[in-house]
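A.B. asks: Sequence order for the protein chains is A and B.
First residue of the first sequence: 1, per the working numbering; consecutive thereafter.
First residue of the second sequence: 1001, per the working numbering; consecutive thereafter.
Mixed in with the good hints there might be a few duds.
List of simulated lysine-lysine pairs, DSSO-like, C-alpha gap at most 27 angstroms [to be verified]:
no.: 1; chain 1: B; residue 1: K1057; chain 2: A; residue 2: K108
no.: 2; chain 1: A; residue 1: K55; chain 2: A; residue 2: K70
no.: 3; chain 1: A; residue 1: K73; chain 2: A; residue 2: K108
no.: 4; chain 1: B; residue 1: K1014; chain 2: B; residue 2: K1057
no.: 5; chain 1: B; residue 1: K1057; chain 2: B; residue 2: K1009
no.: 6; chain 1: A; residue 1: K73; chain 2: A; residue 2: K55
no.: 7; chain 1: A; residue 1: K108; chain 2: B; residue 2: K1009
no.: 8; chain 1: A; residue 1: K78; chain 2: A; residue 2: K108
no.: 9; chain 1: A; residue 1: K108; chain 2: B; residue 2: K1071
Label-pair ranges, simulated between beta-carbon atoms [said to hold, decoys possible]:
no.: 10; chain 1: A; residue 1: Q69; chain 2: B; residue 2: P1039; range: 28 to 34 angstroms
no.: 11; chain 1: B; residue 1: G1063; chain 2: A; residue 2: E15; range: 30 to 36 angstroms
no.: 12; chain 1: B; residue 1: K1014; chain 2: A; residue 2: A71; range: 49 to 55 angstroms
no.: 13; chain 1: B; residue 1: A1061; chain 2: A; residue 2: T111; range: 42 to 48 angstroms
no.: 14; chain 1: A; residue 1: Y54; chain 2: B; residue 2: K1071; range: 28 to 34 angstroms
no.: 15; chain 1: A; residue 1: L84; chain 2: B; residue 2: S1113; range: 28 to 34 angstroms
no.: 16; chain 1: A; residue 1: L84; chain 2: B; residue 2: Q1041; range: 48 to 54 angstroms
Just so you know, these hints were derived from the structure itself, not from any lab.
Predicted model only: the values in this text are computed from it and were never measured.
Even glycine gets a Cβ: it sits at the ideal position worked out from N, Cα and C.
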Amino acid sequence: AQTVTQSQPEMSVQEAETVTLSCTYDTSESDYYLFWYKQPPSRQMILVIRQEAYKQQNATENRFSVNFQKAAKSFSLKISDSQLGDAAMYFCAYRSASGANSKLTFGKGITLSVRP
Amino acid sequence: DGGITQSPKYLFRKEGQNVTLSCEQNLNHDAMYWYRQDPGQGLRLIYYSQIVNDFQKGDIAEGYSVSREKKESFPLTVTSAQKNPTAFYLCASSIWGRGSNQPQHFGDGTRLSIL
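Okay, chain B solo, but in the shape it has when bound:
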């Protein structure tokens, strides 16, 4: 079955440390997204990518970085510059293109906490 796999499910970060969250999809989707979810805040877009080797900042990109070297993979690095990284992180993918009503498909998420 096609889907999106996020790993790890739980992740702990020490002060000053960079950590990377993995996101892999086998849906053959062009577009991929990273969201952050905090209590009472809904989902906020961190970064998105419409095509390999290209990505765009979302609404809260500061302290995060991404890469898109393969269509299937869109890892998110939470850098030490992100002072409040504790949150639930969701990766999503979709068909790219204007006029498409196709929804985004989501992974199961990664819970990141500070040690």
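Bound-form chain A, shown alone:
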């Protein structure tokens, strides 16, 4: 079974600075997808970014980028020019590409606070 670990329960960043959120996972599969979701105080889950394991290039979405290290099974999220609206819980999630379903395995999440 796959597992996703987010070892830092909380992080803080100064507004306009850069922060990196860590995520590691354990799998024996070679083909899979990885996601970062954001959950603001409203509790809605919002997709931030996704990465296909077969792609070597790291995904980027505006101020959000990932550092995907397949051999190390690491998938960190970098937030540049942090804004107050970035304050939220962030979840890393794994999905197998070989299974016939779309089940996600989530980490326990990181609470990010942004200092003005």
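Let chain A serve as the given structure and place chain B on it in line with the hints.
C.D. replies: Just chain B, lined up with the frame of chain A:
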């Protein structure tokens, strides 16, 4: 706009009572999911359904039941057998199929509490 609607937003359950949480989607997604979220636990999968009239247990299915009579609807019943039902419940949907990198889309959730 397409999306997922969960209702009610807040729900209270009395001891020994079954309650049903509603989830409706108009995204034309085949797959639907129910997650439970507790503080410090992340999201845990309760049940999922890939197609109408079929569903599978997730990691924490005990004390819960579901039905999938329509593609758009996937209600979750929290039965009296679930001894610790207080949690935040999230419904999600996605395109079904291997090889798809499409993400799951989530509803706004239902907060269930014990009276």
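A.B. asks: Does the alpha-carbon distance linking K78/A and K108/A stay inside the 27 angstroms limit?
C.D. replies: Distance ~18 angstroms between K78/A and K108/A Cα, so the pair holds.
A.B. asks: With 48 to 54 angstroms as the target window, see if L84/A and Q1041/B comply at their CB atoms.
C.D. replies: violated, 27 angstroms
A.B. asks: Do the alpha carbons of K1057/B and K108/A lie within 27 angstroms of each other, as the hint requires?
C.D. replies: holds, 21 angstroms
A.B. asks: Regarding the pair K1057/B and K1009/B, is the alpha-carbon distance no greater than 27 angstroms?
C.D. replies: Cα-Cα ~24 angstroms, so holds.
A.B. asks: Regarding the pair K1014/B and K1057/B, is the alpha-carbon distance no greater than 27 angstroms?
C.D. replies: Status holds; Cα separation ~25 angstroms.
A.B. asks: Are the Cα positions of K73/A and K108/A separated by 27 angstroms at most?
C.D. replies: Holds, at roughly 17 angstroms.
A.B. asks: Holds or violated: K108/A and K1071/B, Cα atoms, limit 27 angstroms.
C.D. replies: Given that 27 angstroms is the threshold and the Cα spacing comes to 30 angstroms, the pair is violated.
A.B. asks: Within a Cα-Cα threshold of 27 angstroms, do K108/A and K1009/B meet the stated pairing?
C.D. replies: holds, 23 angstroms
A.B. asks: Looking only at beta-carbon atoms, does the pair Q69/A, P1039/B fall within the given range of 28 to 34 angstroms?
C.D. replies: holds, 30 angstroms
A.B. asks: Indicate whether the distance between the beta carbons of Y54/A and K1071/B respects the range 28 to 34 angstroms.
C.D. replies: holds, 31 angstroms
A.B. asks: Okay, A1061/B versus T111/A on CB: inside 42 to 48 angstroms?
C.D. replies: violated, 28 angstroms
A.B. asks: Has the given pair, K55/A with K70/A, been kept, meaning a C-alpha gap of at most 27 angstroms?
C.D. replies: holds, 10 angstroms
Checked against the numbered hints given earlier, this structure breaks hints 9, 11, 13 and 16; the rest are met.
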